[in-house]
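Between the sequences and the hints, there should be enough to build the whole structure, so can you do that?
Add 5 to the 1-based position in the sequence shown for the numbering used here, that's all there is to it.
Derived from the structure by calculation, the hints contain no laboratory data.
Any given hint might turn out to be false.
Simulated crosslink set (BS3-like; lysine-lysine; CA at most 27 Å straight-line) [said to hold, decoys possible]: (1) 21 <-> 155; (2) 114 <-> 21; (3) 56 <-> 83; (4) 105 <-> 95; (5) 216 <-> 274; (6) 252 <-> 314.
Predicted model only: the values in this text are computed from it and were never measured.
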Amino acid sequence: MKSEVIEGFQFSPQQKRLWLLQQDSNIYVSQVAILLEGILDIEVLQAATQKVVHRHEILRTSFHRRPGIKFPLQIIDKASTVSWCCINLKNFHQQEQRLKIAELLQEEKCSVSQSEKAALVRFSLLSLADNQHILIVSLPSLCADAWTLKNIVREISLSYALCLQRQDFSDEPVQYLQFSEWQNELLAEEDAKIGTGYWQKKEFKDVEPLKLPFELSNHSQIDFYPDIHSLNLPTDLAKNITEFVTKNHTNYHDFLLSCWYILIWRLTKKPEIVIHNLYNGRKYEELHETLGLLAKFLPLSCPITQEFKFREVLSSIGVTSSPSGTISGIFLTSRY
Numbered sequence: 006m007k008s009e010v011i012e013g014f015q016f017s018p019q020q021k022r023l024w025l026l027q028q029d030s031n032i033y034v035s036q037v038a039i040l041l042e043g044i045l046d047i048e049v050l051q052a053a054t055q056k057v058v059h060r061h062e063i064l065r066t067s068f069h070r071r072p073g074i075k076f077p078l079q080i081i082d083k084a085s086t087v088s089w090c091c092i093n094l095k096n097f098h099q100q101e102q103r104l105k106i107a108e109l110l111q112e113e114k115c116s117v118s119q120s121e122k123a124a125l126v127r128f129s130l131l132s133l134a135d136n137q138h139i140l141i142v143s144l145p146s147l148c149a150d151a152w153t154l155k156n157i158v159r160e161i162s163l164s165y166a167l168c169l170q171r172q173d174f175s176d177e178p179v180q181y182l183q184f185s186e187w188q189n190e191l192l193a194e195e196d197a198k199i200g201t202g203y204w205q206k207k208e209f210k211d212v213e214p215l216k217l218p219f220e221l222s223n224h225s226q227i228d229f230y231p232d233i234h235s236l237n238l239p240t241d242l243a244k245n246i247t248e249f250v251t252k253n254h255t256n257y258h259d260f261l262l263s264c265w266y267i268l269i270w271r272l273t274k275k276p277e278i279v280i281h282n283l284y285n286g287r288k289y290e291e292l293h294e295t296l297g298l299l300a301k302f303l304p305l306s307c308p309i310t311q312e313f314k315f316r317e318v319l320s321s322i323g324v325t326s327s328p329s330g331t332i333s334g335i336f337l338t339s340r341y
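In structure tokens, the structure reads:
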């Protein structure tokens, strides 16, 4: 009996963390809906998306579980198979179109999460009118963070323009496998001890889990479904925030993070709390155009008291939210 030989690569630290979180859940799917207005050549758009998938290995990467191995292997497919469908919604009213779009987004999410050997990336083109379309791109979150979705939109736009001119990309992007191997090598180097020591000194394990007011006691038995709630700030408040950020030489990220930290502190009444802050993982310019899961959440703690002023919290948050590249690269949730 012949044994199957598979050439695969190990997960990046970011993928390992997400894999432990998701297992067989269908909520970790990345999606982007692109509104296309004007005259559209659908055949050219299909060719453009094909080029983008062929250009980036992570869009041709499948994940295979092997007996006795904790994490799946990344297998890069040489052929760029693209799942593509066109759906005509021109005969539906605007409200019906919105409902259909929401349904299709959910259907595509389920299709991505349930497919192991099918095409990794799925494209769905919805025709709303002769000059208005929506292109939905769906793929596993193991392959894409929020920055990657923006890169995909830009790549499709550029590829479409190049296809119209019968041209091709002239540059070679940094592939995700290169990033993944570099991250794993970083953890094996001697310098990794510095970062490991830094996070161990934080002693996050000794901090009690947060419990919010009216929090359900059996929430672990309830399925988790992420949601987004938008809030439009009054013009005067938005102006005041801008003036404060400018005057104090800070940024909106640290300002809002400080507000969030103080809110959680007030609700929990804990002297010290730990929240997780998202880092895009693209410190180096060479990684700005890379597709894949580069982002990571790092723990952040800033002990505060009732006597602290907002500027003091903001200053502390600004320092603690920007650890050095080596230190931030060493943190692995599974270790601590």
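Give me the numbers of the hints this structure contradicts, sorted from smallest to largest.
Violated hints: none; all satisfied.
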